[in-house]
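Residue numbers (my numbering), protein chains in the order written: chain A, 96 to 375; chain B, 231 to 391.
It is worth saying that the hints were derived from the structure and are not from the lab. Careful: at least some of the hints might be erroneous.
[As the list claims (entries may be wrong)] Example chain A residues on the side facing chain B (calculated, C-beta under 8 angstroms, incomplete):
no.	residue
1	MET151
2	GLU153
3	GLY183
4	ILE185
5	ASP187
6	PHE188
7	LYS215
8	TYR292
9	TYR357
10	ASP359
11	GLN363
12	VAL372
13	LEU373
14	GLU375
All C-beta atoms in this analysis are idealised placements derived from N, C-alpha and C, irrespective of residue type, glycine included.
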Amino acid sequence: MVKLYLWLLSLCLFCFNNSNASAQEVVVSKIDCLDSKWQESAEQGLFHAQYATGYMSEEWQSHCDSLLHICPNFSYIWEMKAMPHIKGGIYDFASLNKAVSINPNRQLPYRAFMKCIFSKDYYGALLDLDSAEQLVHGGGIMDHSFSFYKGISYLSIGKADSAVLYLQKDVAEQSKRMGLGNEHYNSLFYLGLAHLYAQQTKQAERYLLASIKAYSKFPEPNYYLGILYLQKNERLKAKTYFQMAQSALNNGYNMNEDNNIYVDYPFQISAVEIEQVLKE
Amino acid sequence: MKIIVSLFTFLICQLYTLAQVNQASMYGLDTSFLNYNTCELGAIHEYFSYHAKYPESTMSLLKRVQDSVVSHPIALSKNGFITFRFTVNCQGKASHFKLYLLDENYAETIFDKTLVLFLYDFIKGLNGWKIIKDKSGQHILNYNSYFSFQIKDGKIISVAP
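With the rest of the complex left out, here is chain B:
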């Protein structure tokens, strides 16, 4: 029994010391990358290396998500950050999702599943992603990007990046 308790404590400590835990699977997000597309395999780049930030301002996205949340029965009772990291594939679609949930003090937490899935659907509905190519112009590159939503006092108050 002591061994089990020690092992459990050790595992919890290890989790705590990791930067953050990806909770995508726990919330049923699509974590696949190649299952539903014909993209070439290869290095995955970062959006900022190719000036591939989403072409709509975060101010505009915030307004859209705030307007949208009004018509949905979603509880925004908890403060914190809901962050989705994902790969924009060669078809310009967000895939391979990772999910990081933090409270307002940047400590690991959980959020209501309905809220997480609402924001997930919001991101999946964005179809203006830039298609970026390598220097030869022959190959479309896959790249990582993210959206982070901050919830405070019952409102979504910011969207990053």
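Here chain A stands alone, though its shape is the one from the complex:
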């Protein structure tokens, strides 16, 4: 049965790409867009297209357009149409908005994520995250909770106190679910950083050290711990952490987030920042 769907899908794509309207009409009439098997086949078809043409290609957009011509209310395809554009800096939120209007439970969290991490539109992300929380209470996206993204969004717009509240919630949820000491190092890092910006040095030190304990080669908490010690005028200690951050960066360590190859995460550092503080 699945093979039949794949065959139908291939035929549709072929027909559409060859502008053979009459053949297309015949096939389209046989497809039930709400059928989960058809949707699964379409997603699989796109998966294969990714390897055949790459998702940054015009062909990829044609594949998406063909599928949307057949099933215009297939939210995942709208997402797939928008995703490569947004990853490449062309902020096609119009397609993503369409996806959200069709399936808000699935697509609103994704749009919030894309705004927070890719377009760095923290105000827009916060609006989406609020709505997503209403729809999917206690939900998350891309391995992190809504609270995590709200925390880093607030931190990025200079509202450290709000950031602390949401990042505390994120860490507390993980402690409860997975046990103390098993929280994600990025959650611990951002919570430490939020405390640092909120001028709560003791808590900042605690969480930055906890992040380093979970992932010792993590450049960012090492760097910001150096900044913390510099503020406390503990220069030797600061230098040690800056050097650890530098060594980690030079050896290719980073935040370990999947999307880090595309985009910097908020407050991510590079060699430039470390060279600057070590020079001073």
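Once you have looked at the hints, place chain B on chain A.
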């Protein structure tokens, strides 16, 4: 007359349905690729396929551009996103520019030319691009990258990627 109006409406609708319009030529950006270099022709890759994000953090770039804008008489009166897509050629230089201008709701807009050219010059001044080679190590590859600047309430508040 009716035909002209219909055609115009149709064209506007077509523009609206396109993902986004490249406005590089309207702002006089360098859209050439091979005119000023000796790079080999071939497929243009994407920066992320070769871990070729610009080696300076966007946090550092944001600070630099914010510091720089202070000493220039530039109006940042409009909110939105100014995005430059370009190809880093075999000489490690940004070329073949495309420009996308969006307001804060991600709808097409225009920005003050002085601001666009200021940011364009900022990008042209970045000279730390990675040179990437093919598997044989013999050929330098050209790759696409981008910078997007977000303007809000009279400030440049973020740089992507």
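Would you settle whether the hint for PHE188 (chain A) is holds or violated, based on the nearest Cβ-Cβ distance to chain B being less than 8 angstroms?
Result: holds, 4 angstroms to nearest chain B Cβ.
With a cut-off of 8 angstroms on the beta carbons, see whether GLY183 (chain A) makes it to chain B.
This interface hint holds because 6 angstroms falls under the 8 angstroms limit.
Residue hint LYS215 (chain A), partner chain B, criterion CB-CB below 8 angstroms
At about 4 angstroms, which falls below the 8 angstroms cut-off, the nearest Cβ of chain B leaves the hint on LYS215 (chain A) intact, so it holds.
Go through the hint on ASP359 (chain A) and say holds or violated, using the shortest Cβ distance to chain B against 8 angstroms.
holds (4 angstroms)
Closer than 8 angstroms between Cβ atoms is the bar; does ILE185 (chain A) clear it against chain B? Give me holds or violated.
Holds, because the Cβ-Cβ distance from ILE185 (chain A) to chain B comes to roughly 5 angstroms (cut-off 8 angstroms).
Minimum Cβ distance from LEU373 (chain A) to chain B below 8 angstroms?
Violated, because the Cβ-Cβ distance from LEU373 (chain A) to chain B comes to roughly 14 angstroms (cut-off 8 angstroms).
Against chain B, run the beta carbon of TYR357 (chain A) and see if the smallest gap drops under 8 angstroms.
holds (5 angstroms)
Under 8 angstroms, Cβ to Cβ, is where GLN363 (chain A) needs to be relative to chain B, so tell me if that hint holds or is violated.
holds (5 angstroms)
Holds or violated: the hint that TYR292 (chain A) contacts chain B, with Cβ atoms closer than 8 angstroms.
With a closest approach of 13 angstroms, the TYR292 (chain A) hint is violated.
Interface hint check: GLU375 (chain A), Cβ to nearest Cβ on chain B, cutoff 8 angstroms. Holds or violated?
Since the shortest Cβ distance to chain B is 15 angstroms, the answer is violated.
Evaluation of the interface hint that places ASP187 (chain A) against chain B, nearest CB under 8 angstroms:
Check passed: Cβ of ASP187 (chain A) comes within 5 angstroms of chain B, closer than 8 angstroms.
Let's test the interface hint: is any C-beta of chain B closer than 8 angstroms to that of GLU153 (chain A)?
violated (11 angstroms)
Hint violations for this structure: numbers 2, 8, 12, 13, 14, all remaining hints satisfied.
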